[in-house]
Amino acid sequence: MSTFFHDWYYLSIRSIKQIWRPLLALIPSLFIPIFFFVVNAASLSAFADVPGFPEGVSYRDFIAPIALFTAVFFSAGNPGIEMVLDISSGYFKKLMIMPINRLAIIFGRLTEVAVQAVFQGLIVLVLLLAVGVRIRTGIPGTFAIFGLLIVFAMGWSCVSMTFALRTQNARLVQSLFVIVFPFLYITTSQAPMHLLPPTFRVLATYNPITYIIEGVRALVLNDWGDPAIWKGYAVAIGMFVVLVAVALSSFKKVMK
Amino acid sequence: MASNIIQVRDLRKTYPTGTEAVKGVTFDVKEGEFFGFLGPNGAGKTTTINMLVDLVKRTSGEIEIDGLKLETDAREIYQRLGFAMQEVGLDETATAREMLQLHGRLYHMPPERIESQIQKLLKLVELEKVADRYTHTYSGGMRRRFDLALSLIHEPKILFLDEPTQGLDPHARKLIWGHLRELNKAGMTVFLTTHFMEEAEALCERLAIMDQGQIVTEGTVPELLQKHGAKNLEEVFLKTTGSTLGEDTVDPSGDPFIRSRH
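Line by line, the protein sequences are chains A and B.
So the first sequence is residues 2 to 257, counted in the working numbering.
So the second sequence is residues 45 to 306, counted in the working numbering.
Please keep in mind that the hints were generated in silico from the structure rather than gathered at the bench.
We treat Cβ as the ideally placed atom computed from N, Cα and C, and that holds for glycine.
Treat the hints with care, since some could be wrong.
[Claimed, not checked] Computed from the model, here is a short list of chain A residues facing chain B with C-beta under 10 angstroms:
| id | residue |
| --- | --- |
| 1 | LEU244 |
| 2 | VAL247 |
| 3 | SER251 |
[Stated by the list, open to error] Straight line, CA to CA, 20 angstroms or less: simulated PhoX-like cross-link-like pairs of lysine-lysine:
| id | chain 1 | residue 1 | chain 2 | residue 2 |
| --- | --- | --- | --- | --- |
| 4 | A | LYS253 | B | LYS101 |
| 5 | B | LYS101 | B | LYS113 |
| 6 | A | LYS254 | B | LYS101 |
| 7 | B | LYS201 | B | LYS113 |
| 8 | A | LYS94 | B | LYS101 |
| 9 | A | LYS232 | A | LYS94 |
| 10 | A | LYS253 | B | LYS271 |
| 11 | B | LYS229 | B | LYS201 |
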């Protein structure tokens, strides 16, 4: 086990350095959530007047958790891209013939995701606070939001790592970001569940992302008694366990 | 009499496409030996060397390295071997020094040992002045030399080299040959695959020539010349494989390790 922690530590340092190399690569995953927040908050503000919309909540505050969520969601694909680059360059083979714990290779990447999630999430949070959004669960709630987003992002990043390991195709892994959109929009990201059309509502109910978004939203808009918080954590932890296991099992595919 | 550090028995590899890349290869490499694996492109050399380090799963056969078995002692084996592969795989987002430090750490070397090894190796491959540059800025020759340094960071007992001088200019090639000779003189076992006759003749104490997935002859250079009534190694090669060295063609199986000859 000590080998695992040792390898995890050093592989994490390598992965974290890659976040800033190059620095410009951070811009798209920060630009997109801010762009959508500004556009949606401005153009859909009248939606808060629709009967059934939560009382006393502005549309800006309603979609503020989505800005936090997408800041993390869009960056969770990076580890897969970095892994497929390692595979295609041949560097991954070097790692495979070193006396290192393979789980540490995955966890090194997960640490990168966590660090990037905190970094990007903090930038978006500062912007949200600057425009007047308030987190009703306070500082403990802010930590809980980051905790939930980090667990989710680490699990979700395993999807791209699994594709990287199984296909070893950089183009495919890079194009995976498009699946983010259906997962993001077939949820309660834009409107409360009871205001969604019936078919959409069914799909959103089965979309695990809905529960993560509702968890973050509950922490921003409601109080600790909201069961959406615990449901969000349960789904994020469940996804994390399953997706890490799938990514780990995909290591065999790298060897022919 | 040195003991065998690598023992391979009836090693076979058949890819899912049905391509038989290696068809029952048996050989030994002695401790401290400079052993060469010579053969035309597509002979199965790279598949064999990749099976020896478990990068390619073998279909059947036995491999023992330094008395250890891959299936049960892979981590101990990895601690003892270095491998400079045909494809120079580097972390493009890191500098050479950072990569050497990371690898030293991952081999559980003490920090002061890592630093002294870094100094020594960068000097050896003449990259001291560019050690803090990102590896993506390196030329092909620099990348190959650095790859060799990287494979030596933990002072392995056995060094596997797969076509280590491919694509290098004559100066860089001679430079690497010199380093390899020194390492071998210092006691390191070197397992080299090459299709350069001159390289095999200049470096290897003993050679195995492989063709179409099988070892067709084996011995020291004088033994091979005598055995095949040849004047030089090239003639031995021609007589045993019936061919000259051809251009690379990727095998229809799609496996990058399997190549066929023109």
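For the pair supplied as a hint, A:LYS232 and A:LYS94, confirm whether the alpha-carbon distance does not exceed 20 angstroms. Since the Cα atoms of A:LYS232 and A:LYS94 sit roughly 40 angstroms apart, the hinted pair is violated (cutoff 20 angstroms).
Keeping to a limit of 20 angstroms between CA atoms, is the pair of A:LYS253 and B:LYS271 held or broken? Outside the cut-off at roughly 43 angstroms; violated.
Given A:VAL247 as an interface hint, is the shortest Cβ-Cβ distance to chain B below 10 angstroms? Nearest chain B Cβ about 21 angstroms off; hint violated.
Taking the closest Cβ pair, is A:SER251 under 10 angstroms from chain B? With Cβ-Cβ at 15 angstroms, over 10 angstroms, it is violated.
Hint check: A:LYS253 vs B:LYS101, CA-CA at most 20 angstroms. Holds or violated? Distance of about 10 angstroms is within 20 angstroms: holds.
CA of A:LYS94 to CA of B:LYS101, is that 20 angstroms or under? holds, 13 angstroms
Mind checking the CB of A:LEU244 against every CB in chain B and telling me if the closest is under 10 angstroms? violated, 25 angstroms
Does the structure keep B:LYS101 and B:LYS113 at a Cα separation of 20 angstroms or less? This hinted pair holds, its Cα atoms lying about 14 angstroms apart.
Does the structure keep B:LYS201 and B:LYS113 at a Cα separation of 20 angstroms or less? holds, 16 angstroms
Tell me if the straight-line CA distance from A:LYS254 to B:LYS101 falls inside 20 angstroms. holds, 11 angstroms
Within 20 angstroms, alpha carbon to alpha carbon, are B:LYS229 and B:LYS201? holds, 12 angstroms
Checked against the numbered hints above, the structure violates hints 1, 2, 3, 9 and 10; every other hint is satisfied.
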